[in-house]
Structures are given as structure tokens and as C-alpha cells.
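Asker: One letter stands for each residue in the lines below.
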Amino acid sequence: MSAGGLRRRLRAWGRRQLYSFFSSLGTLLSHRLGTLMTVLVLGIAMLLPLGLYVSVKNLRALDLQQQDWGTITVFLQHETGENEALALAERVDQQHGAGVEAVSPLQGMEEFREASGFGQALDLFEENPLPWVLLVTPLQADDAGLEETVGELAEWLEVQDGVDLVQVDYKWLKRLAGLLELGGAFVTVLTVMFSLAVVVVVANTIRLDVANRAEEIQVLNMVGAGNSFIRQPFLYSGFWYGLLGALLALLLLSLSMFYLQRPLESLLDAYGNTFEVSGLGGRGMLFVLLAGGLLGFVGAWVSVRRYLRQFRLEKARLQR
Amino acid sequence: MITFEHVSKKYDGGVKALQDVSFHLDPGEMVFLTGHSGAGKSTLLRLVLMLERATRGQVFVDGKNLGKTPSRHAPRVRQRIGMIFQDHKLLRDKTVFDNVSLPLMIAGMRYPDIRKRVRAALDKVGLLSKEKSWPLMLSGGEQQRVGIARAIVGMPPILLADEPTGNLDPELSQDLFDLFGQLNSQGVTVLIASHDLSLIRSMGRRVLVLSQGRLVDDIAGADVGRSEA
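Residue numbers (the working numbering), protein chains in the order written: chain U, 6 to 325; chain Z, 2 to 230.
I should point out that these hints are in silico values taken from the structure, not numbers from a laboratory. Note that the coordinates shown come from a computational prediction; the quantities given were computed from them, not determined experimentally. We treat Cβ as the ideally placed atom computed from N, Cα and C, and that holds for glycine.
Only pairs whose alpha carbons sit at most 16 Å apart, straight line, appear in this in silico EDC-like list of lysine to aspartate or glutamate:
id: 1; chain 1: Z; residue 1: 90; chain 2: U; residue 2: 221
id: 2; chain 1: Z; residue 1: 90; chain 2: Z; residue 2: 164
id: 3; chain 1: Z; residue 1: 65; chain 2: Z; residue 2: 6
id: 4; chain 1: Z; residue 1: 95; chain 2: U; residue 2: 220
If you want the ones that stay clear, here's a sample from chain Z, every Cβ over 10 Å from chain U, calculated:
id: 5; residue: 32
id: 6; residue: 139
id: 7; residue: 174
id: 8; residue: 176
id: 9; residue: 199
id: 10; residue: 201
id: 11; residue: 205
If we take Cβ atoms under 7 Å as the criterion, some of the chain Z residues that face chain U in the derived model are:
id: 12; residue: 76
id: 13; residue: 79
id: 14; residue: 80
id: 15; residue: 84
id: 16; residue: 90
id: 17; residue: 92
id: 18; residue: 103
id: 19; residue: 104
id: 20; residue: 106
id: 21; residue: 107
id: 22; residue: 109
Only chain U is shown next, with the shape it has when bound in the complex (with noise of 0.2 Å):
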């Protein structure tokens, strides 16, 4: 064949490409209703795993604030003054080469009162019934002997007189970043089996959709229509289906981090975190969209390659 010819060949078809992507559109409009209920189906079934993995993400965010990992907050006997509370903290600062911040109650009650939003039920103790605190961190810059020196220094501290309860943030940090890590493979399960999903559900829509249009197969067929342009629309709308779930997806997560927004951030604020939620980003989302249109793509290309081989199968039966 000569150069001419193929790109002749190419441009035409170019040509019908673009006719079966117009022409995918017009019949996924032309079917609004339809087109709708399976948008939704695949836009909710998206949210899922894109939900779980915002949480995660943001989570994860906060775990890397790592400085306050190694931090043991010490509440003294509630009749310890302050003479005994600063001496107690220059002994840590010592012996452990710790830094030591000592709060006072009436420091704490302050930081509660701003805190918690709890100010005038806090107005009804006659005196504060705060004791004295301090917070505790190691000096050492590295994790790994982390767990050991907090663990000793905790010990050590248990024992001090005057003191009443050791608590060591890590151990509970510990456990968030296990639970964080199980979110992580539940983000990694959830994706695959709702991406299944979406391809379950376009495939299924797609398969409707050839049998409703077998008429118009047939006298596609007959005027000479080639398998690839009779399939290629099928296939545009997979694609679209896809692409509107993960847009619409996109939209109902971001409604859901707008409406979670102040809520998540005054809590956090609580717990003494500047943090801002984040979500997936420009790349993310374009991931997104392109991953759905992708699911939808597959789904069609699946049920289209099974059921027009099996349509042509039933056609040539019938018309005997």
C-alpha cells in the first residue's frame, strides 16, 4: 500500500472514531434517565475507597508531626505545690538530660477552658481541680532507641514522690499508626473490589444496552458497518459512564471534606494541632477521572466482546 493510501486509510479512520464518540455522547444523553441511575451507582460506588483514603491520608499527615511522639505527660499528686513540681522537673532535666515544660493548674485550666468549649460548667468548681503537670521529652533526635529511653524514663518516673499517673503518648501513637496501616490495606482492598465493581456495572449497562439496540446492530451490520465500528460506541460509553461516576465521585467527596471541614479542624485544634485537611490534589482527581474512564472502558470492552459475538450467534439462529 502506498504512503497515500494509509494515511487515507488513517484519516478515515480517525474520521469514525470520532463519529462513535459523538455518537456515544448523543445516546448517553438522549437516555438521561438511564444514564443518571448508572452515574450514581458508580459515582457512590468510587466514593468508597476515595473516602476511606482522603481519612487515611489526613490521618497519616498528622502522624508525621513526630516530635510529640516521645512526649510523657506527668500529672502530680494534687496536693504537690509548685516548689515540688520545679524541683521535681530541674531532677529531670538532670538525671535524664529531658526537657521538662511544667504546667501549673491554673495554666492547664486556661488551656482547657479554650480547648474543650467547656468554660462555664468550669466556672462551677469552687477551686481548680487541676494538679500540677509536667511534659516530658527526651532529648534524642532519633526513633530508634526512642521506645527504650521513654519507656525507662517513664519508669524512673513512676516511681518519684509526688508523682500520680504516667502516661506515654507513644504507646497510643503506636496504636494509631497500626491503625492507620490496617486503613491502608483497606483502602488497597476496597479499591480493588470496587473497581470491580465499576466494571461489574458497566459491563451489565453495556450488555443492556446491545440487546436494546440490536436493530440497529443488525442494519449497521448489513450496510457494511466492520465489527470495530459497530463496537467503538459501545465502548465511548463505557469510557463516559466511567468518567462521570469518578467526576461525580470527585463531587461528593469534596461536598463530604467541605461539610467535614470545621467540625475535623476545631477538633484537631483541640488537640492542639494547626492542621489543615487536605484532598487529592489536581493529579490526584485527573488520576481519578482517567482511572474511572478506564474501569468503564474495560467494563464495556468486556461485555461487548462476549455479548456481540453471542448476539451474532443468536441473530444467524433466529433467522433461519
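Starting from the known structure of chain U, fit chain Z onto it as the hints suggest.
Answerer: Then chain Z, alone, in the frame of chain U:
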């Protein structure tokens, strides 16, 4: 243009639709195919279109041996044939213009060329004013003419028609056959399956007669109208 050599077609159930049929159509011929329903007219046309394959014998269309043409090349064979159906087979959810343009879309033609060709085809069947209509808004005769426009828009060298006048009154049928004659005079090979004997007689063209799957008569155009009393 179309040649059958000892062609038989047996369907899976054992029904013999065609038995040992041989004939030859020259390019530019216009031929009628007649016989009772069930005589095998539709099967013969379906063989030409490669919608079926012969069980025995050879079918040649436009110089191609269809028995040796793989199924994936069937679309290329069909693109050289304009087919007209008794029930029009128009797509109801597409306008007249979009229906007629289908073969050109399939060929991947440029849109401005498609426009020109579709309008020319619609003009030829006298329906240029209906290009934006929907098939269901048209009368039976008009729908049939849309079907013809779709069949001729790609300027195929062969035109097949399966009972094209089946649902039309005599006057419209005559118009339709005149239209086929006109297309034929421009060099298109035309094969029309019909059981409208009086109309066929009035055309004075070659007639192939099928009966129970066999070709029982092949009457030359000059003899049509005289032979039967």
C-alpha cells in the same frame, strides 16, 4: 457482476433453501427475481450480501469469490452493495439525514463530502426537504425511499432489493420500479426480489424464477410479457 455456480444452501435444521442454482448477471444489468414466498429469494440475496455462506457451489460478487473471502472482509463486500429492505430497516432514533449518511460514516468520509452526497441522494429520491425529519414522521413510501437513498448514497456498483414494494400501493410501486430503472440506466447492476408479477411484466426486464429452492426459469427481457398468457 454476480455469478452463482451450482450453489446450494442448506440450513442447520436440514431445510434446503437453494439447490444447484446457477446464473450470471452482467455489469449494468437489471434483473428481477421472483417466486413464491419460501422459494429462496431472500436466501439468494443474503448469500450475495455474505450474511450467509453457500453450503455448496461458488458465489462471485464483483469479481470476488465469496467462499474464499474471510468473514472479517464481509463489510468490504457489503460496502460495494446497496441493499433495500421490505421493512426499510431505518434507525428510528436517527434523522433521515443521519440514516442516509450511515454508509458514508462507515467509510470514514469527510463531513462536507458526506453532506453533499447525502443531499444528492435525497434529491434523487425526491426527499430533500425531509432531511431533518424522523423516519416515523414519514409515510411508508417515503420511508422506503429513504432506504433507497441510503442504499445509493455510497454509489455502489450493485443494488439489491428484497420485496421493496411489499407494503406499497400499486402507483407508488410503479414509481419505485421506475426509480430503479433510472439508477440502472446510470450503470448500476440491479437485482430485485419481488412477487409482484404484473409490475415485473410491465418492466420488460430479465426475470429469474425460483421455485422450492431451484431456478426453474430464466426469461430474457425481450420475452417478458409475451411468454405468459
